[in-house]
Amino acid sequence: MRRHAPDGYTCPFCVVVAGGQTQRNRQDDVVYRDDIVTAFVSPKWWEQNPGHVLVVPNEHVENVYEISESVLGRVYSVARIVAVALCDAYACEGTSMRQHNEPAGNQDVWHFHVHVFPRYVGDDLYRNTDRAVWVEADLRAEYASRLRPHLDHAAVAK
169 MRRHAPDGYT CPFCVVVAGG QTQRNRQDDV VYRDDIVTAF VSPKWWEQNP GHVLVVPNEH
229 VENVYEISES VLGRVYSVAR IVAVALCDAY ACEGTSMRQH NEPAGNQDVW HFHVHVFPRY
289 VGDDLYRNTD RAVWVEADLR AEYASRLRPH LDHAAVAK
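The working numbering applies: residue 169 is where the sequence shown begins, and numbers increase by one.
Quick caveat, the hints were computed from the structure, so don't treat them as lab data. All C-beta atoms in this analysis are idealised placements derived from N, C-alpha and C, irrespective of residue type, glycine included. Any given hint could be a false lead.
Claimed, not checked - The list that follows gives simulated cross-link-like pairs (lysine to any residue, SDA-like), each with its CA atoms no further than 20 Å apart:
#1 212 <-> 309
#2 212 <-> 178
#3 212 <-> 264
#4 212 <-> 269
Unchecked claim - So the derived label-pair ranges between C-beta atoms look like this:
#5 310 <-> 288: 17 to 25 Å
#6 274 <-> 238: 25 to 33 Å
#7 215 <-> 171: 30 to 38 Å
Start from the sequences and build out the full structure, keeping to the hints where you can.
Encoded structure:
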């Protein structure tokens with residue numbers, strides 16, 4: 169396997185999935201959870217794309233090389249539902265999804281995850297990769313509370 173997590177790595181996404189919190193993530197960030205997948209507002213935002221969501225498998229899988237097809241399918245099914253919810257909740261003009269593997273692919277948390285971004289005309293998301301900022305919990309909670317009603321009403325069939 170192609171793994172890069174250091175020895176003794178404490179996976180922050182596994183902590184959130186298990187109901188805990190980390191220095192960067194709280195349970196208030198969680199917008200969707202089932203027995204396979206959890207989705208939460210990311211603690212790191214790009215200025216013109218606030219409130220983007222991370223969708224993660226509940227089982228610890230480091231990257232796309234390890235994930236089963238069924239779990240991968242569920243992650244992307246929920247990512248699609250999150251994309252629709254972003255459009256409804258944030259009135260964004262589009263969405264983008266992004267997923268990274270290994271250090272050369274810009275992966276920086278050693279747990280498979282898909283970013284779902286709200287997009288706006290002229291936001292330059294892919295030109296602003298060095299301008300991401302850590303966001304306080306109260307602002308993340310505000311965005312999460314805007315998203316949850318749209319996900320509660322979504323047909324999240326398995």
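Hints, one by one, checked against the model:
1. 212 <-> 309: Within the cut-off at roughly 13 Å; holds.
2. 212 <-> 178: 19 Å, holds
3. 212 <-> 264: Roughly 16 Å between the alpha carbons, so the hint for residue 212 and residue 264 holds.
4. 212 <-> 269: 18 Å, holds
5. 310 <-> 288: 17 to 25 Å: 18 Å, holds
6. 274 <-> 238: 25 to 33 Å: 26 Å Cβ-Cβ, so the 25 to 33 Å window holds.
7. 215 <-> 171: 30 to 38 Å: The hinted range 30 to 38 Å holds for residue 215 and residue 171, with Cβ atoms some 33 Å apart.
In summary, the structure agrees with every hint in the numbered list given earlier.
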